[in-house]
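J.: Whole structure, please, built from the sequences with the hints as guidance.
Given next are the chains, with one letter for each unit.
Protein chains: 2
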Amino acid sequence: MTDRLSHALRSDALDNRERILEAARAVFAVDGLDVPMREVARRAGVAPATLYRRFPTKEMLVTEAFAEQMYACRAVVDEGLADPDPWHGFCLVIEKMCELHARDRGFTAALISTFPKAVDFEARREYALRAVDELARRAKEAGRLRPDVVLDDVILVLMANSGIHATSPTTQVSASRRFAALAISAFQASPDASPLPPVARLASPASVTGHSQVGQASRPG
Amino acid sequence: MTDRLSHALRSDALDNRERILEAARAVFAVDGLDVPMREVARRAGVAPATLYRRFPTKEMLVTEAFAEQMYACRAVVDEGLADPDPWHGFCLVIEKMCELHARDRGFTAALISTFPKAVDFEARREYALRAVDELARRAKEAGRLRPDVVLDDVILVLMANSGIHATSPTTQVSASRRFAALAISAFQASPDASPLPPVARLASPASVTGHSQVGQASRPG
DNA sequence: ACGCTAACGCACGCCGCTGTCCGCCTCGCT
DNA sequence: AGCGAGGCGGACAGCGGCGTGCGTTAGCGT
Numbered sequence: 001m002t003d004r005l006s007h008a009l010r011s012d013a014l015d016n017r018e019r020i021l022e023a024a025r026a027v028f029a030v031d032g033l034d035v036p037m038r039e040v041a042r043r044a045g046v047a048p049a050t051l052y053r054r055f056p057t058k059e060m061l062v063t064e065a066f067a068e069q070m071y072a073c074r075a076v077v078d079e080g081l082a083d084p085d086p087w088h089g090f091c092l093v094i095e096k097m098c099e100l101h102a103r104d105r106g107f108t109a110a111l112i113s114t115f116p117k118a119v120d121f122e123a124r125r126e127y128a129l130r131a132v133d134e135l136a137r138r139a140k141e142a143g144r145l146r147p148d149v150v151l152d153d154v155i156l157v158l159m160a161n162s163g164i165h166a167t168s169p170t171t172q173v174s175a176s177r178r179f180a181a182l183a184i185s186a187f188q189a190s191p192d193a194s195p196l197p198p199v200a201r202l203a204s205p206a207s208v209t210g211h212s213q214v215g216q217a218s219r220p221g
Numbered sequence: 001m002t003d004r005l006s007h008a009l010r011s012d013a014l015d016n017r018e019r020i021l022e023a024a025r026a027v028f029a030v031d032g033l034d035v036p037m038r039e040v041a042r043r044a045g046v047a048p049a050t051l052y053r054r055f056p057t058k059e060m061l062v063t064e065a066f067a068e069q070m071y072a073c074r075a076v077v078d079e080g081l082a083d084p085d086p087w088h089g090f091c092l093v094i095e096k097m098c099e100l101h102a103r104d105r106g107f108t109a110a111l112i113s114t115f116p117k118a119v120d121f122e123a124r125r126e127y128a129l130r131a132v133d134e135l136a137r138r139a140k141e142a143g144r145l146r147p148d149v150v151l152d153d154v155i156l157v158l159m160a161n162s163g164i165h166a167t168s169p170t171t172q173v174s175a176s177r178r179f180a181a182l183a184i185s186a187f188q189a190s191p192d193a194s195p196l197p198p199v200a201r202l203a204s205p206a207s208v209t210g211h212s213q214v215g216q217a218s219r220p221g
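Read top to bottom, the protein sequences are chains A and B.
Residue numbering for the first sequence follows this note's numbering, starting at 1 and increasing by one per position.
Residue numbering for the second sequence follows this note's numbering, starting at 1 and increasing by one per position.
FYI, nobody ran anything at the bench for these hints, they're computed from the structure.
Any given hint might turn out to be false.
[Said to hold, decoys possible] Subject to a maximum C-alpha distance of 25 Å in a straight line, what follows is the list of computed SDA-like cross-link-like pairs (lysine to any residue): (1) B:Lys96 - B:Val46; (2) B:Lys58 - B:Ala123; (3) A:Lys58 - B:Val35; (4) A:Lys58 - A:Leu9; (5) A:Lys96 - A:Thr167; (6) B:Lys96 - A:Ala23; (7) B:Lys96 - A:Val199; (8) A:Lys96 - A:Ala131; (9) A:Lys96 - A:Ala23; (10) A:Lys96 - B:Ala193; (11) A:Lys58 - B:Ala166; (12) A:Lys58 - A:Gly45; (13) B:Lys58 - B:Ala47; (14) B:Lys96 - A:Lys58; (15) A:Lys58 - B:Thr167; (16) A:Lys58 - A:Val27; (17) A:Lys96 - B:Leu196; (18) A:Lys58 - A:Ala13; (19) B:Lys96 - A:Asp148; (20) A:Lys58 - A:Asp12; (21) A:Lys96 - A:Gly45; (22) B:Lys58 - A:Pro36; (23) B:Lys96 - A:Pro198; (24) B:Lys96 - A:Arg201; (25) A:Lys96 - A:Pro147; (26) A:Lys96 - B:Ala166; (27) B:Lys96 - A:Pro195.
T.: What follows is the structure, encoded as structure tokens:
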């Protein structure tokens, strides 16, 4: 599909396109998605018109800019799924996802709430959620993940992680790492765990939330 | 100090002032702090000039609007401190704080990150942090709070809680409640708790963070 | 009741962001 | 090397929010 675009693009245009995307990624990562289009253009050393020609709407720019992040996202969940120890894989996913979002502020915004229309995002998102769901099922079967945890809880934690802000990128990832560890502590099966309040239905798709208990091992009672 | 202002205010001015604050609270709670000043004025049934006359800067408006929230905040920590069971008090503070922030999106923004100049906020904030610190110390002594938890972790959780967004207010508080429960699970002392990654130094004041271990019982080493 | 003065709101100018048009440039084909 | 189409960038108009000056209104004290 890249060819469909690039076959008609001249070399300088392609070059500019790449620089725009690079600049967009950089500035989105640091300042979030609310930066003006002109700022992206300025950092790319390009006039606004050029930017608008390549990416008529900000949504398109964002979608393209975070494509590789989406790949990273998929890679993380696949890595988690591949782990022989499901609990370890689950923890890995939590940690990596939190770090991913900590390193790129804009990606979180893009993924969580901002552009619901980007169908490509939706598909990948659902894939990731299904994978986490499966991982959680296995981790519960292994007795490491507490049984009353729900897929929405994972989303909850990811959303919460996006609320963490720090002054420096270093502090940001370190804070996020710490938070991920705390979240994992909360998810860990424990004999003296208090029951949780009713689940909050968030954005998990119906195809996954059909069963309210995430990765619930089919138990009769 | 209210008298110092109100003695010079005419009755209609005072009435408008109250309506402005009410409108500000309402809209800040739902939409956060990024709403235009004119929107507040519109909802209050007041011209922009009037709003600006009463509150020359948005910071002043926010400070006044959330004064009662700050009282509520203090009340929560005091209630927690007064609890004979420190762990129960600690949990109470976490829960109530999370709910407070869930119910009022703008308050979170105001408290956490936005207006560092509001000295009154700072003082109250520090007071609350000291109280939580003390509570944590006692809860650790009682063996209920895991010893490697740090005051910054509480801030971390509160910040994270602010990242939770939902479509309806009901879902919002329910999600936040669930999150608070998970956080408490993470904070709970447990024999099989994995060690935590290094703490992320956040915004806790030096007067409290002088000792890095929150509420650390004085141990030789 | 009357007037003084404070408060109100309309309307204005300013600024930053958005998105688009048009003349010049340059890449790429021959 | 020359030509043509596609690309580039400066410039422009529209919009929305911000903060303020000024004529008018209405509270409050006498």
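J.: A:Lys96 and A:Ala23: Cα distance at most 25 Å?
T.: holds (24 Å)
J.: Quick one, are A:Lys96 and B:Ala193 close enough, alpha carbons at most 25 Å?
T.: It holds: about 20 Å lies between the C-alpha atoms, which stays within 25 Å.
J.: Can the restraint linking A:Lys96 and A:Gly45 be considered satisfied, given a maximum Cα separation of 25 Å?
T.: violated (33 Å)
J.: Does the structure keep B:Lys96 and A:Asp148 at a Cα separation of 25 Å or less?
T.: Holds - the C-alpha atoms of A:Asp148 and B:Lys96 are around 23 Å apart, at most 25 Å.
J.: Given the hint that A:Lys58 pairs with A:Val27, does the C-alpha gap stay at or below 25 Å?
T.: Since the Cα atoms of A:Lys58 and A:Val27 sit roughly 14 Å apart, the hinted pair holds (cutoff 25 Å).
J.: Compare the distance between the alpha carbons of A:Lys58 and B:Ala166 with 25 Å, and conclude whether the hinted pair is satisfied.
T.: holds (24 Å)
J.: Check whether the Cα positions of A:Lys58 and A:Leu9 lie no farther apart than 25 Å.
T.: Holds, because 20 Å separates the two Cα atoms, which is no more than 25 Å.
J.: Can you confirm whether the C-alpha distance between A:Lys58 and A:Ala13 stays at or below 25 Å?
T.: holds (18 Å)
J.: Run the distance test for B:Lys96 versus A:Pro198: straight-line Cα separation, threshold 25 Å.
T.: holds (17 Å)
J.: Holds or violated: B:Lys96 with A:Arg201, Cα cutoff 25 Å?
T.: Given that 25 Å is the threshold and the Cα spacing comes to 21 Å, the pair holds.
J.: Are the Cα atoms of A:Lys96 and B:Ala166 separated by 25 Å or less?
T.: Holds, at roughly 24 Å.
J.: Would the hint linking B:Lys58 and B:Ala123 be met if the CA-CA limit is 25 Å?
T.: holds (20 Å)
Hints 1, 6, 14, 21, counting from the list given before, are not met by this structure.
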